[in-house]
Amino acid sequence: MQSRTGLIFFPAFDWAISKTHPEREERLLYTRDQIFEEGIMDLPGVEEYTPRVSDFHDIARVHFCIPSVRSQVTEAHLIASGAALQLGDAVMSGEIKNGFALVRPPGHHAMKVVHGNRGFCNINNEAILVDYLRSKYGLKKIAIVDSDVHHGDGTQNIFYHDPDVLYISFHQDGRTLFPGTGFTNELGGPQAYGTTLNIPLPPGMCDETMDNVVSNLVLPVLEDFQPELIINSAGQDNHYSDPLANMRFTSKGYGRFTEKLKPDIAVLEGGYGIEGALPYVNLAIILALTGFDYSYVSEPDYDPELFKEKKENVNNVQQTIEYIRKTWDNRYNIDLNKIFGSEKYYKRRKSIFYDTDFINEEQVEKVKRCTNCSGYNEIESKIRDDVKVYCVSIPFYACGSCRDQAYEGYYRAKALKQYDYVFLQDKYNDVCLYFNNESSIEEYTEG
Amino acid sequence: MYIGIDVGGTFTDAVLLDNDGVRATAKVATRDDLLSSLLDVLDKVMDNISGHKIKRVVLSTTMITNLILENKYDPVGLILIPGPGVSHNNFMYNADTKIISGAIDYRGREIAPLKKNEIAEVANDLAEKKYKKAAVIGKFSPRNKSHEVEVAKILEEFYPGWNIELGHRVTGQLNYPRRIISTMLTCASKEKYKYFINSVLNALEKRDIDASVFMLKADGGTVPIKNSADGPVETIFSGPAASTVGVQALTSAGETEVVVDIGGTTTDLALILNGQPLISSQGASIKNYITHVRTLSVRSVAVGGDSKIECSGEQIVVCPRREGQPYCLGGPSPTPTDALRFLGLTELGDKSKAEKAMEMIGGITGRSSEEAAEKVKDLVVDTITREIQDMFYKWEQEPAYRVWEVLQRSKEKPNIVIGVGGGAAGFIKQIAFRLDASPLIPQYAPVANAIGAAVSMPILQVTLRADTEQGYYSIEEEGLQYKIKDQKFSEGEAVDLACEFLDKKANANSFNMGQNEIEVIRRETFNMVRGFVTTGKIYDICVQTPRKLLGRFGEKGGGK
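Protein sequences, first through last, are from chains Y and G. Counting with our numbering, you get residues 1 to 447 for the letters of the first sequence. Counting with our numbering, you get residues 1 to 560 for the letters of the second sequence.
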């Protein structure tokens, strides 16, 4: 077993959503200063990697980008996701024991279908990593633990019907913060019930709460699930100085969390306390990953007197933890027909709002309740009456009849001529098809 | 005419050059009496030429490197102001280390004050232990020097006459552990280095040489010898830089080449990419400590002409150590040199002994002598070729922090493999063949180091970082910090200011810079936004003089 930690630091000093947007060049400037001044890259056991550029296929394997991958991503996105893949390869080859992609732009609000930018995200770096590892190395079970203050609705959406990917998120209660989701009853679809777990937290909670959630919920669930790999969506906006949220976690708290979770790969997500939080939180995470002492890391304005949790909130969190734990333990004994009905296909409608780009998307999602595999998925998506799309996805371990039906769906939609774009993701064969109705051109990518 | 001198641990080499090329070369043993070695080598190379005709002298030396390697420096007390961050237990150095209160953050703001009584205690303690040298280094001192300066003031009050070195004066670059090492070594070696400088100036005076005198630095640039006294650590590893620049001068411009210096026990590799020596992204490291010293990217491989060869069963292994001379030169056991002698690739040593050596290897491993010699040669060529390929790979993997840097990444491969050093002749052809490049052994390869010293020019850099919200700017290389008077200080003004500093620096270094020759390496502006309002800007500007050589004496594909 190697004892090295791989680090990719990609601050994208020449990329911003806009000049004054929180996702701007300055975001990791002070983190750079702190990491460089501490001499982190010189520490024994730290290996600095340079990011590579993802292939379009790596993205098409996960996302239906409309109208095309090219139109939805900038080079910075390809590099940020490429950084995650680079570390994924290094972990799989045994070069490193774990890795941290300290990159921007972030990705955990990007869903399966991408019409534009949501919550500063276009493509989902962790999801791209998960599906890359599954197709390249044949990994089966992977867990993603999301420690960003915002619910990772994109990651949840991508793996909602996938029983092999466990998604656990703790975050500030969706009633008080973007994106307004991530409640305890969001537990996965009928084919993957229980492999999505959400722990909404009342605003103002401190390190003790993060500790409690990790020790009494996240770790026991992971122990049960036995993933082959653990990925951490390492958002840092639970920090007390974050300007966009209201939690009270500290850098030491993040260090302890990382030390306990022991993720194989951490990927930076949000965190906009660019001076008060990021330099210290990133330092603590890196030290915890490498196994160095992080107890000397502290924020200049940290005053322990200001970090007391309200008793009623502590009880409230305790109840949530117990509820989720019970749901997880009973997940195989629950009558799914009661929740999802008894139709052969489970269908749901969704409205999705893209806050950055002001787009309203309407979706109808359909999953086959297959008894031989996790079932193929279809999505019909439209924006007003402008764009209409049909997407179909074949999961990694799909059965023959799901594969056939998915291809039938793709060719039928193509022939119908009423969709502007038609997509097929065949994860079983690692092939993606894309049809543009107006030009009648079909494109093809493969891994 | 100009002179290059390389003062190595064993030999002192010199060359005399003029605009037409090499006029004379000389090699003498380096003796303890530095002055006499210098006079000796000067006399040999000048051969009755008047000292007044010499316009420029450049020296390179391994003296400081050797001092450090052999622990022959004065003890230095370390006073550190690390503040929060990495554990203080990480600061374990081969020196008395005192950690005091106080902290500065990344923007130069004080986050914890100094405690005066603590400083007094530390000073008394060091004085009791008979220290007379102290290095004071604070985290983020390049962003705010006030803590370091304050500590120095208190130390001077209590113990006037101590040698005190401050971190921000030694380097303005971020990297606290490297700054600690560099400052400590600077403090430790200053006096010894002055002895070196005095010997040099004395020798030149005795031979009527009134030329300008420079020292070579690890990055292949030069610095006037008097200015170099402030930063002796800059001269560590100027040896490999000298040979690399020498090779650069002996080959044609713009080539991508690999320099292979095969010695007795080690082989040194350096890359020249499109005519420029590759600078290491890490500082020079010594005794497992990394300093901030900018250095050429040089790799040492533990294989050479005298490497011991071991056999077990059919296996032949070239060991990473030397047991003595090659067998054909009267040594105890077979070496790669014996294989070369056997194959007729070198004239060195006794042919019949080389035959005996290959017979020994062949006998144990079930090969003919011919096969054994070929196998040994292949093993050495394999090792060196692999290391060269890995160097190119590592270069491609250098970190990048900007989108354009990742996108413009290109693959390079060497066109020419250049051999210098004793063992080069036998191996260079094969190595070049493996790399699909042409081999070249320049005529003056044995004194490439001294030639490199002679033709080196200053490489001057100025990095200006301005923080308009905090209202100050700093010049990294000089450890200077100034106030910004005008709140509206613009990026253009910042670049102009950096160029002004570079100009001043060029003058101080007797470097005539042509008009418009300044290269802007980096100009970045970070908008500081607080609560949706732009509150200031951070500029990061880096300007540099072009990298030049005083002369070139090479042609493509062959030495002159």
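Quick caveat, the hints were computed from the structure, so don't treat them as lab data. In this text, all values refer to a predicted model and were calculated from it rather than measured experimentally. Any given hint could turn out to be false.
[Stated by the list, open to error] Straight line, CA to CA, 20 Å or less: simulated EDC-like cross-link-like pairs of lysine to aspartate or glutamate:
id	chain 1	residue 1	chain 2	residue 2
1	G	K504	G	E517
2	G	K537	Y	D293
3	G	K537	Y	E26
4	Y	K97	Y	D293
Outcome of the hint check:
Distance check on the hinted pair: G/K504 and G/E517 sit about 14 Å apart at the alpha-carbon level, within 20 Å; holds. Between G/K537 and Y/D293 the alpha-carbon distance is near 34 Å, which puts this suggested pair outside the 20 Å criterion. Note on G/K537 and Y/E26: the hinted pairing holds, with a Cα-Cα distance of about 10 Å set against a maximum of 20 Å. Note on Y/K97 and Y/D293: the hinted pairing holds, with a Cα-Cα distance of about 18 Å set against a maximum of 20 Å.
Of the hints listed earlier, the one the structure fails to meet is number 2.
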